[in-house]
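Heads up: the sequence lines are chains A and B, in that order. Anchor point for the first sequence: position 19 equals 209 in the working numbering, and the numbering is continuous, going up by one each time. Anchor point for the second sequence: position 248 equals 940 in the working numbering, and the numbering is continuous, going up by one each time.
Hints are supplied without guarantee of correctness; some may be wrong.
To be verified - Which chain A residues stay away from chain B? Per the calculated CB distances, all over 10 angstroms, these:
id : residue
1  : Ala227
2  : Ser240
3  : Gln275
4  : Asn297
What the hints assert, rightly or not - Have a look at the derived ranges for each label pair, beta carbon to beta carbon:
id : chain 1 : residue 1 : chain 2 : residue 2 : range
5  : A       : Arg306    : B       : Ser942    : 19 to 29 angstroms
6  : B       : Arg896    : A       : Ala307    : 55 to 65 angstroms
7  : A       : Glu298    : B       : Ala769    : 51 to 61 angstroms
8  : A       : Arg270    : B       : Thr803    : 22 to 32 angstroms
9  : A       : Glu294    : B       : Arg787    : 40 to 50 angstroms
The set of hints was computed from the structure by calculation and includes no laboratory data. It should be emphasised that the depicted structure is a prediction, and the values quoted were computed from it without experimental measurement. Quick reminder that beta carbons are idealized off the backbone N, C-alpha and C, glycines included.
One-letter residues, chain by chain:
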Amino acid sequence: MSRRTPVQQPASPARRVVMGVGIAALAAAFAVRRSAASKLDKLRLRIAASAAPAALAEFFRQTGLQVLFDFDAIRNFTTREVSGQLDPEEALIRMFEGSGLTYEFINERTVAVRPRARLSAPVARPTRPT
Amino acid sequence: MARIGHARRKTIFAALFATAAVALMSSMTLMSAWVHAESLPLQVYSTALGELRTIVLGEHASAQLNTDTGLAVTNSAQLCEAVLDHGEALFELRRASLRPLRVLAGAFAMTTRASVFSVRVRDARNVDLLVRSGQVTVGTATVRQYQYARISSGGMVLRDLKAADMDRQLQWTIGQLEFSGDPLTDAIAEFNRYNDRKLVIADRTISSLTIGGKFSATDVDAFVKALRELGVYPLSDDGADPNTIRLVASQRREK
Chain A
191 MSRRTPVQQP ASPARRVVMG VGIAALAAAF AVRRSAASKL DKLRLRIAAS
241 AAPAALAEFF RQTGLQVLFD FDAIRNFTTR EVSGQLDPEE ALIRMFEGSG
291 LTYEFINERT VAVRPRARLS APVARPTRPT
Chain B
693 MARIGHARRK TIFAALFATA AVALMSSMTL MSAWVHAESL PLQVYSTALG
743 ELRTIVLGEH ASAQLNTDTG LAVTNSAQLC EAVLDHGEAL FELRRASLRP
793 LRVLAGAFAM TTRASVFSVR VRDARNVDLL VRSGQVTVGT ATVRQYQYAR
843 ISSGGMVLRD LKAADMDRQL QWTIGQLEFS GDPLTDAIAE FNRYNDRKLV
893 IADRTISSLT IGGKFSATDV DAFVKALREL GVYPLSDDGA DPNTIRLVAS
943 QRREK
């Protein structure tokens, strides 16, 4: 539930200007690099049978792989339960068995998921209310 | 040109040196007066695009800065004050303290004595607040655990979040972006916060696409390649700006 509350605005002291100048004077650059499993690593996985978006969310949390899917296109699909010491690709094969979903590894750490009957281009859909 | 004697040159140099020294001392004094306007030590921190950085604010308090963020911190015996000039930060005050933490973000002030919360400055008049634990006071209102507040000059809109949604919103703290039915336009806007190369939707038929998944915030290449599986392609004739990737629905114009 949403509700609106008045917000008190603090005074704007000159110190904030000084702080802004100080911030503008500083810069540093480090790209964030983080490691994750690849599609060949065996992992202990346990993913319940469920609607595809929820199952895939559990899949990327447990494997650390990058995953992309068209949310509305797969939301009515369901996947099978998987459990055991599996590599991520084995897990996807078992999850998607008989589901009508398929996958494509973009690289060792990235997989895209889509319905087996592929659309040539995304279909324009009305924006969902937030 | 007339020659200037050795003594004369020394006098001129000394005068120039003295003038420069006075000017330097004056600016240093002026800057010092600014910085110590309230006799508080000032620490300033910033991050570049794609950078994450964790800093110690004081005893039991820390902040993690997200991409393209600027933060200035002053500490006194009574208060730790952090000015979030731009960007986003996760603040942690790990246990109840007599010395509160006050965060100034945009035009708003937030105060807490023990909590974990994230603040994002969208602009000077629009700020987002997520409270993961504890509670944060904003003006006369209190934002509690698992609440999201969108704060603007018109007031504050509060929304309760599930734990899973809170975790999803805070994936940036580990360098990740997680989507769950988000419009492609929103997902692209998030990627653009972290990268020099900007994604642009150049075909309105793909703007209504909703996506799910999880990516490293800086892995634009893999994201664009994965989008092809969803029927979204980068334009091949877009050589004018190498830092812009325009996305369309037609495979015929694929790179």
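Hints, verified against the model:
| no. | hint | in the structure |
| --- | --- | --- |
| 1 | Ala227 | holds (13 angstroms) |
| 2 | Ser240 | holds (13 angstroms) |
| 3 | Gln275 | holds (22 angstroms) |
| 4 | Asn297 | violated (6 angstroms) |
| 5 | A:Arg306 / B:Ser942: 19 to 29 angstroms | holds (22 angstroms) |
| 6 | B:Arg896 / A:Ala307: 55 to 65 angstroms | violated (24 angstroms) |
| 7 | A:Glu298 / B:Ala769: 51 to 61 angstroms | holds (53 angstroms) |
| 8 | A:Arg270 / B:Thr803: 22 to 32 angstroms | violated (50 angstroms) |
| 9 | A:Glu294 / B:Arg787: 40 to 50 angstroms | holds (48 angstroms) |
Hint compliance for this structure: hints 4, 6, 8 are not met, and every other hint is.
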